[in-house]
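If you're matching them up, the sequences are chains A and B in order. So that you can map any letter, position 193 of the first sequence is 192 in numbering that gives the first Met the number 0, and since no number is skipped, the others follow by simple counting. So that you can map any letter, position 54 of the second sequence is 53 in numbering that gives the first Met the number 0, and since no number is skipped, the others follow by simple counting.
Keep in mind that the hints were calculated from the coordinates and are not lab data. Honestly, I wouldn't trust all of these hints.
Derived lysine-lysine pairs resembling PhoX-like cross-links, with alpha carbons at most 25 Å apart [unchecked claim]:
hint, chain 1, residue 1, chain 2, residue 2
1, A, 175, A, 224
2, B, 136, A, 158
3, B, 136, A, 39
Here are the computed distance ranges between Cβ atoms for each label pair [as the list claims (entries may be wrong)]:
hint, chain 1, residue 1, chain 2, residue 2, range
4, A, 186, B, 119, 25 to 35 Å
5, A, 87, B, 216, 48 to 58 Å
6, B, 251, A, 13, 17 to 27 Å
Derived, one-sided and incomplete: chain A residues facing chain B with beta-carbon distance under 7 Å [to be verified]:
hint, residue
7, 20
8, 180
9, 184
Backbone N, C-alpha and C define an ideal beta-carbon position, used for all residues, glycine too.
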Amino acid sequence: MAARYDRAITVFSPDGHLFQVEYAQEAVKKGSTAVGIRGKDIVVLGVEKKSVAKLQEERTVRKICTLDDHVCMAFAGLTADARIVVNRARVECQSHRLTVEDPVTVEYITRHIATLKQRYTQSNGRRPFGISALIVGFDCDGTPRLYQTDPSGTYHAWKANAIGRSAKTVREFLEKNYTDEAIATNNESIKLAIKALLEVVQSGGKNIELAVIRRNQPLKLLESKEIETLVTEIEKEKEDEAEKKKQKKST
Amino acid sequence: MALASVLQSESVDFSNYGRQRRGFASGLYETELGLESVGGDSLSFALRTSCSNGDGPDRKIEFLHGTTTLAFKFQHGVIVAVDSRATAGSYIASQTVKKVIEINPYLLGTMAGGAADCSFWERLLARQCRVYELRNKERISVAAASKLLANMVYQYKGMGLSMGTMVCGWDKTGPGLYYVDSEGNRVCGDLFAVGSGSMYAYGIVDSGLKQKDLTVEEACDLGRRAIYQATYRDAYSGGQVNLYHVHSEGWTRVSQSDVLMLHQQYQSEKA
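Full structure from sequences and hints, please.
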């Protein structure tokens, strides 16, 4: 059945699926994990760093991109498609500043990206973008925001979310651990993001790339040393927790 | 303004206006010449001369350059005051023209230049503003609205549009006032007066705004006075003074006062 209805993007299947869009979503599931957390005064993006070849320069592989001073995004899926989407979004951010004399709101740019993606699910001869994006930032009035878009062109606001490989596991972890205490301070929010990624990333802190935006400050990529420190902190906390439990059991 | 197309011979003189300024005028502009030695670079005159250069002596369309419109920002918002006279040469075509266009409940636009141009583009602006509001779930800022208008007319630059409007409103950054014209100017400011009577209006408002912190009453009186004085001296302004006040909740139509009534009122106050 599926075989007949998955050729053209503009064809619905009898049970209402757009197969090309669903296959695009499969492509997203193959990409490396990205997690986004909305704190009170901070927004955090964490991505799983794919191991680079020996001769490859590490700096050219960047999965977290700034769209403007106060908005940035991480993606999962086809890197080439992401590059195009990021370019269009960057231009739109500046166009908005020109015509409206105001920076974009996170919702506006997310809507723009989502509309762009939807257009590619309804035109002939084009395939959908094979990426999901996590768009984070602060609006003019200081509210932090996190949005997620997917290849079909829908977008939703989230408190915390994950995309890419093992997104389900990470999301379940976040559902259990995203509490008001967990995001009480900026540091705690960052640690929550790392904890979430550690669930699915092999070999710990080396393969995590983290970026934060604090209110009224531009995007900051955390250095590997800082990440290592935080990872050791987390591991220590885990050990302390485990010991406490043991003591409780023995007494 | 349809009347003006009938009175073609009268409006031809508008295009010669620039040339005849220093020379011996033929009847029409005698009253203004004496006061005309002010340089032609002020906003209101620039509006006329630039248009006349563009089209040459064949233009028969009537324009509301004979007008006084004024808007100024103060502590409690923006006051917008306009006259209501339309002239075709020395013929008074109408004393009851509405020169303030209500774009939406919190944005106003004034009209100077071609009435059709002003009302058409401002209605188009109203549509754009509404779409913006629906898409973004918040009101459009005055800066953005004036930018949209300026960009719209800029595409027709050089094609004979004549529009000099002030976009006035209140947004989340407070009161907003922008002057936008068909030449592509878009200027933010605290006080603008546009039209043949603008010089007289400027005089009154400049002296009245010296003391800061006007109350709403005082500001309305100032606006009314300024337009009245302009109609007193300028032959091409008159009729009624329409006064609007833009505040945080939107705009309110404060008053419509006949200048002859105002004249009597001010005279009795003097005595």
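Status of the hints after comparison with the structure:
Among the hinted pairs, residue 175 of chain A with residue 224 of chain A is inconsistent with the structure: their alpha-carbon atoms are about 28 Å apart, more than 25 Å. At roughly 21 Å between alpha-carbon atoms, residue 136 of chain B and residue 158 of chain A fall within 25 Å of each other, so this suggested pair holds. For the suggested pair residue 136 of chain B and residue 39 of chain A, the alpha carbons sit about 23 Å apart, so the restraint of at most 25 Å is met. At roughly 58 Å, the beta-carbon separation of residue 186 of chain A and residue 119 of chain B lies outside the given 25 to 35 Å, and the hint is violated.
A hinted range of 48 to 58 Å holds for the C-beta pair residue 87 of chain A and residue 216 of chain B, which are about 52 Å apart. Roughly 59 Å separates the CB atoms of residue 251 of chain B and residue 13 of chain A, a value that falls outside the hinted 17 to 27 Å. Interface restraint check: residue 20 of chain A against chain B, minimum CB-CB distance 24 Å, threshold 7 Å, status violated. Nearest Cβ of chain B to the Cβ of residue 180 of chain A: about 32 Å, over the 7 Å cut. The hint is violated.
The beta carbon of residue 184 of chain A comes no nearer than 30 Å to any beta carbon in chain B, farther than 7 Å, and the hint placing it at the interface is violated.
Checked against the numbered hints above, the structure violates hints 1, 4, 6, 7, 8 and 9; every other hint is satisfied.
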